[in-house]
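Participant: Let the hints inform the model, and build the full structure from the sequences given.
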Amino acid sequence: MRDPKRILKKLIGPDSEIGPFDASGESLEQAVETLRDVAKCRKIRDFIKTSFGIDLAISPEIFYQLLEIGPINYIETTQRDLVVETISLKDTRHPDDPVSIGNLNSVLRELYKDLQLLHERIHKDFSDALLIRDMRMELIDRCFDFADRLESMHHKWSFFRGRRVRDIENEFSILFPNSPNARPLESKFPLVRHEMELYQSVARTEKKWQALELDLFSILRENETKDLGLLLQNAQEMGNRLWQIIYQSSEIKICVELIGIDFANIQSLFDNETVPLNING
1 MRDPKRILKK LIGPDSEIGP FDASGESLEQ AVETLRDVAK CRKIRDFIKT SFGIDLAISP
61 EIFYQLLEIG PINYIETTQR DLVVETISLK DTRHPDDPVS IGNLNSVLRE LYKDLQLLHE
121 RIHKDFSDAL LIRDMRMELI DRCFDFADRL ESMHHKWSFF RGRRVRDIEN EFSILFPNSP
181 NARPLESKFP LVRHEMELYQ SVARTEKKWQ ALELDLFSIL RENETKDLGL LLQNAQEMGN
241 RLWQIIYQSS EIKICVELIG IDFANIQSLF DNETVPLNIN G
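Residue numbers for the sequence shown follow full-length UniProt numbering, so the first one is 1 and each next one is one higher.
The set of hints was computed from the structure by calculation and includes no laboratory data.
Because the structure is a prediction, the values reported are computed rather than measured.
Be aware that one or more of the hints could be misleading.
Stated by the list, open to error - Simulated DEER-style distance windows between Cβ atoms: (1) K124 - D55: 26 to 34 Å; (2) G13 - R136: 43 to 51 Å; (3) K124 - P190: 14 to 22 Å; (4) S88 - E61: 52 to 60 Å; (5) D3 - K208: 46 to 54 Å; (6) R193 - P98: 33 to 41 Å; (7) L117 - E17: 47 to 55 Å; (8) P190 - H119: 21 to 29 Å; (9) E197 - E61: 51 to 59 Å; (10) N178 - E17: 52 to 60 Å.
To be verified - In silico DSSO-like pairs for lysine-lysine, Cα to Cα no more than 27 Å straight-line: (11) K90 - K40; (12) K113 - K188; (13) K9 - K40; (14) K208 - K124; (15) K90 - K9; (16) K5 - K40; (17) K43 - K5; (18) K124 - K188; (19) K90 - K124.
Glycine included, C-beta positions come from ideal geometry on N, C-alpha and C.
Facilitator: Written out as structure tokens, the structure is:
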């Protein structure tokens, strides 16, 4: 890296002194890389919040709600006698305790796992999903009702059958205007019923992450799986940057303290008033 001192000065801004960093004897190159990772985390947080309405700078209250999710709540620690002990965070912390970088990383890991499973299922089992551009959680039961009514009339003739089918088709067309491949529903209802398995899975994932106000149906409606892939990519990138920050900090402890990064509180990671940072530096 050419002139890390100049780059570091640009990152921390003109109001911060470079002298203490230089006097620490630690690698200024690593300090620069760590600050760049922090800046990248802030950019990713802003992008995800703007694009998907999810704020990954999660508050203590939100994190406490997320402790209902087992893999986030339970952590394993190794005792001096090498015995592994499982601890429930919900039993050991208060709702207003700060969220640590490690806590955030566990949230990202679980969120990424769920979104990746959903993304893979769509591509593997529902690559030609018929209703994805219109689907909402409240329409799942309506679709089952349409399918049940049409099935009950299948291969059965009655004087009123034609009108009843038309009424269902018209109602379905109004609810799913962007799903022409699902019509006529009279012949497509078995496919529609099967597709409800996907949306029930989406609904379960959305309910699991309701504390983050994750609207997966909206994400899928906007651009099918492309936006979901983009959310996946950015969640993974933030997780990678967090690990880099943790890893590099072990060798630049004085610089990390001078910067103001507190691993026990993610506010220092995202709040520019807590840790002023030129994110374009």
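Participant: Hint by hint, say whether it matches the structure.
Facilitator: Structure-based check of all given hints:
K124 and D55 have their C-beta atoms about 31 Å apart, which keeps the hinted 26 to 34 Å range intact. Distance hint check for G13 and R136: the Cβ-Cβ separation is about 46 Å, which falls inside the suggested range of 43 to 51 Å. Distance hint for K124 and P190: a CB-CB separation of about 20 Å, consistent with the stated range 14 to 22 Å. Distance hint check: the CB atoms of S88 and E61 are about 18 Å apart, inconsistent with the given range 52 to 60 Å.
About 48 Å separates the C-beta atoms of D3 and K208, a value consistent with the hinted range of 46 to 54 Å. At roughly 47 Å, the beta carbons of R193 and P98 sit outside the given window of 33 to 41 Å. Hint check: L117 to E17, Cβ distance near 48 Å, so the stated range 47 to 55 Å holds. Between P190 and H119 the C-beta distance comes to about 25 Å, which sits within the given range of 21 to 29 Å.
In this structure the supplied range 51 to 59 Å is violated for E197 paired with E61, their Cβ-Cβ distance being about 34 Å. Separated by about 58 Å at the C-beta atoms, N178 and E17 satisfy the suggested range of 52 to 60 Å. For the proposed pair K90 and K40, the alpha carbon gap of about 30 Å is over 27 Å, so the pair is violated. This hinted pair does not check out: K113 and K188 have alpha carbons roughly 32 Å apart, beyond 27 Å.
Between the alpha carbons of K9 and K40 the distance comes to roughly 17 Å, so the proposed pair stays at or under 27 Å and holds. Pair hint K208 plus K124 holds up; C-alpha atoms about 23 Å apart against a cutoff of 27 Å. Taken as a hint, the K90 and K9 pair is broken in the structure, with Cα atoms around 41 Å apart against an allowance of 27 Å. At most 27 Å may separate the alpha-carbon atoms for a hinted pair to count; K5 and K40 meet this at roughly 20 Å.
For the hint pairing K43 with K5, the CA-to-CA distance comes to about 23 Å; that is within 27 Å, so the pair holds. A C-alpha spacing of about 20 Å is found between K124 and K188, which places the hinted pair at or below 27 Å, so the restraint holds. Only pairs whose Cα atoms come within 27 Å are accepted, and K90 paired with K124 is rejected, the gap being roughly 37 Å.
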